[in-house]
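Protein chains: 2
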Amino acid sequence: MKRSLVELIARKRDGHKLSSDEIQQVISSLLDGQLADYQGAAFLMAVFFRGLDDEETVALTVAMLESGQVLDLSSVRGVKVDKHSTGGVGDKVSICLAPLVAACGVPVPMVSGRGLGHSGGTLDKLEAIPGFRTDLDVSEFSRIVGEVGTCMIGQTKEIAPADKRIYALRDVTATVESIPLIVASILSKKLAEGIDALVLDVKVGRGAFMKTAAQARALAEALVRVGTRAGKKVVALLTDMNAPLGVAVGNANETREALDILHGKGPADLRECTLLLGAEMLVLGGRAANADEARTRLEAAIAKGEALAVMEKMVAAQHGDARVVGDPSRLEVAKVDIAIAADRDGFVTAVDALEIGLSAVAIGAGRTRTDQAVDPAVGISVHAKPGARVRAGDTLAHIHVRTKEAATPIVDRVRAAFVLGAAPPTPSPLLQARIT
Amino acid sequence: MKRSLVELIARKRDGHKLSSDEIQQVISSLLDGQLADYQGAAFLMAVFFRGLDDEETVALTVAMLESGQVLDLSSVRGVKVDKHSTGGVGDKVSICLAPLVAACGVPVPMVSGRGLGHSGGTLDKLEAIPGFRTDLDVSEFSRIVGEVGTCMIGQTKEIAPADKRIYALRDVTATVESIPLIVASILSKKLAEGIDALVLDVKVGRGAFMKTAAQARALAEALVRVGTRAGKKVVALLTDMNAPLGVAVGNANETREALDILHGKGPADLRECTLLLGAEMLVLGGRAANADEARTRLEAAIAKGEALAVMEKMVAAQHGDARVVGDPSRLEVAKVDIAIAADRDGFVTAVDALEIGLSAVAIGAGRTRTDQAVDPAVGISVHAKPGARVRAGDTLAHIHVRTKEAATPIVDRVRAAFVLGAAPPTPSPLLQARIT
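Quick mapping for you: the protein sequence lines, in order, are chains A and B.
Using the working numbering, the letters of the first sequence correspond one by one to residues 1 to 436.
Using the working numbering, the letters of the second sequence correspond one by one to residues 1 to 436.
None of these hints come from the bench; they were simulated from the model.
Some hints here could point you the wrong way.
Which copy? The list can't say, so a pair holds if one copy fits it or any two copies do.
Stated by the list, open to error - In silico DSSO-like pairs for lysine-lysine, Cα to Cα no more than 30 Å straight-line: (1) K211 / K2; (2) K404 / K304; (3) K211 / K17; (4) K211 / K232; (5) K233 / K313; (6) K313 / K232; (7) K335 / K233; (8) K313 / K157; (9) K335 / K385; (10) K304 / K17; (11) K385 / K265; (12) K164 / K211; (13) K233 / K211; (14) K157 / K233; (15) K404 / K335.
Because the structure is a prediction, the values reported are computed rather than measured.
Kindly generate the complete structure, drawing on both the sequences and the hints.
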């Protein structure tokens with residue numbers, strides 16, 4: 001029995017399971033206009049309340065995936081593996097991770113996003129490299145993945161158009177925070193890349209989309225279950241996002257810091273996060289038998305400059321100025337530097353990633369609406385991380401702006417993001433859980 | 001703190017109470033286009049799941065009411081009282097009730113609706129009277145209520161436009177079945193009539209919108225609570241709608257039957273329902289001290305021909321052929337008469353009002369879409385009511401159609417609506433509850 005579209009909304013509203021054909025019908029009707037946006041919105045809100053089981057979520061993922069082009073990377077040899085992060089503050093991991101993993105022999109086709117709200121985006125950070133283009137078409141993308149081992153572009157209009165349409169609706173109808181909808185949105189785009197395996201970095205904490213470990217674990221588990229059902233090898237790591245990752249928050253400064261990692265430098269937490277995710281990718285890609293072996297291989301690729309060489313090739317292939325790879329200081333960071341100092345002695349017990357992220361948006365490093373531009377040169381450096389012992393007058397952070405006045409509205413906010421206490425905090429491990 | 005519209009959707013989604021100003025903001029934004037239809041749909045679905053408390057429902061009612069014109073009937077003397085039925089099969093009560101109550105000195109300004117689905121509509125039935133117009137403007141409506149005591153029109157575009165807009169959205173987004181939304185829809189239209197008091201006939205059973213006593217009671221209680229909070233005197237009766245009310249189901253034949261009541265004839269259940277509701281209206285209107293006194297007054301108004309005289313004046317004032325009031329047989333009923341006979345001896349234990357209603361729609365007496373026309377002359381007569389003893393070959397019902405073939409698709413369906421048993425059913429009282 002074929003049900004009408006209104007009946008399908010009513011059935012989901014009443015908690016019934018929809019068949020894969022019915023979910024396909026909803027998505028294709030939304031795209032061809034048979035299902036109006038207002039009906040789509042009602043359906044999404046019904047899903048928000050009633051959820052989707054794994055079979056329904058797979059059906060939604062596949063329907064969204066198949067609404068567009070699925071890249072054919074069969075000409076690229078090897079097990080193609082990508083990484084997706086649910087987003088955080090200072091999360092520039094993709095930029096160093098993709099060339100590093102590619103340097104170890106695992107092709108990494110990566111379609112990334114832009115920053116929105118407190119959370120930054122890989123595309124914005126990469127575009128701080130003069131000339132770098134993220135709007136390549138799919139044939140150029142495939143060619144570069146084959147030749148260089150990795151390529152990083154934005155979602156083209158051919159990739160999962162249903163996801164674009166649905167995400168735009170969710171954004172304005174208060175239906176973003178639904179695990180099955182998040183899972184289908186992430187996986188439909190990632191599966192469209194033509195990958196064989198996927199490593200997920202599910203961030204948890206103040207600066208993450210998922211604020212609690214329980215929420216993050218639920219999302220990670222759903223991603224792994226649904227991705228596996230959809231025929232891919234999937235591993236998820238839960239990593240801490242209470243404080244910003246690394247030191248730099250912004251765009252050019254974050255790309256600098258990612259390049260520092262490939263130079264064997266950079267902040268310890270960023271290096272650790274990169275190696276943890278990279279090890280998973282190497283094992284999934286069949287280039288290491290276990291995480292320890294993978295880690296050794298990754299460290300060697302950094303030490304020998306192999307990862308830097310891949311990065312140089314990728315930047316050049318994507319029309320960017322490859323000289324920045326050898327000399328990250330070529331990336332322009334705004335000249336005015338406002339230091340935020342500790343007002344007393346103590347231990348840094350917390351650095352609120354959300355507040356740092358929102359402060360960065362306020363000076364132009366991010367956007368609150370998708371049609372806004374970002375200033376690649378501005379940003380914040382978080383020098384004192386949780387656990388650090390500081391004395392009154394020590395620098396906690398720097399704000400990088402083009403004029404002194406530009407920093408004024410956020411000075412107090414950035415200072416307040418640093419919580420000082422008499423005793424050091426209980427250390428919060430970067431890796432909180434591994435889900436397979 | 002003023003919240004954005006998306007925040008208001010999210011707050012309702014998360015089960016928070018919205019302030020009256022916030023509800024007003026949602027409704028006015030929907031009307032002026034700041035809140036898109038898809039956001040309205042998401043809000044309605046959130047309300048479906050989370051509900052609205054009485055204060056929120058009053059705010060929604062008032063916002064919808066004040067989106068349009070509120071009639072000023074201050075020039076009409078007396079306590080203005082209307083009746084609203086939640087709709088059923090064979091429910092022609094308004095047509096005899098309004099002139100009867102008006103004849104007893106209570107002005108009845110009545111804005112009615114059209115049939116949709118299995119449920120008939122007062123406007124369609126009245127328009128079976130040649131020339132009768134239900135599309136009068138509000139000034140003519142007020143004048144006729146003042147001069148005649150009652151007038152029956154359709155919802156004008158000036159009355160509660162927000163309700164029209166929201167109802168259209170609910171209809172296509174599976175958000176009709178929400179008690180606070182139903183309450184606000186009913187009350188916003190009724191309060192716009194400029195009434196002082198309202199009697200509600202909440203139908204319960206197979207042919208009603210509310211299938212169970214619990215649902216109907218919940219709706220009736222909410223209507224009374226919210227209507228009272230909105231400053232009106234409100235009483236609700238729960239009445240049985242498992243079998244059709246009266247004998248006639250259709251349009252012209254229903255109007256005939258309503259006129260029969262004013263002639264002191266007609267089916268007992270229809271007469272009883274009219275008197276029950278009329279008694280409440282007379283008490284609310286201050287024309288009787290109690291239901292017994294009111295009933296005596298109503299019966300006298302029928303016996304003395306006073307109700308018929310008001311009906312005649314109303315039909316004439318609304319441009320209809322008033323001769324039908326004295327001679328209801330002037331109303332054309334389709335000439336082809338298909339009798340449905342009992343196939344065995346027994347007691348009628350049930351007559352499925354929903355099936356009779358849908359059968360009437362199928363022959364053209366009703367509509368499945370709002371843009372369809374109805375044929376006033378076709379219909380069904382339900383001769384054997386629950387409790388009746390029948391012998392094989394006795395007529396259970398007549399189908400009135402323009403051609404024999406037109407009845408063919410419904411003959412079996414109408415027959416199957418009559419359930420025969422060996423023993424009489426437990427009588428189901430017409431009045432199931434009274435809620436104040």
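Going down the list of hints, with the structure as the test:
no.: 1; hint: K211 / K2; result: between (41 Å within a copy, 25 Å between copies)
no.: 2; hint: K404 / K304; result: neither (42 Å within a copy, 92 Å between copies)
no.: 3; hint: K211 / K17; result: both (29 Å within a copy, 24 Å between copies)
no.: 4; hint: K211 / K232; result: within (27 Å within a copy, 48 Å between copies)
no.: 5; hint: K233 / K313; result: within (28 Å within a copy, 80 Å between copies)
no.: 6; hint: K313 / K232; result: within (29 Å within a copy, 77 Å between copies)
no.: 7; hint: K335 / K233; result: neither (45 Å within a copy, 72 Å between copies)
no.: 8; hint: K313 / K157; result: within (26 Å within a copy, 67 Å between copies)
no.: 9; hint: K335 / K385; result: within (23 Å within a copy, 90 Å between copies)
no.: 10; hint: K304 / K17; result: neither (54 Å within a copy, 61 Å between copies)
no.: 11; hint: K385 / K265; result: within (17 Å within a copy, 90 Å between copies)
no.: 12; hint: K164 / K211; result: within (25 Å within a copy, 41 Å between copies)
no.: 13; hint: K233 / K211; result: within (26 Å within a copy, 50 Å between copies)
no.: 14; hint: K157 / K233; result: within (26 Å within a copy, 59 Å between copies)
no.: 15; hint: K404 / K335; result: within (10 Å within a copy, 91 Å between copies)
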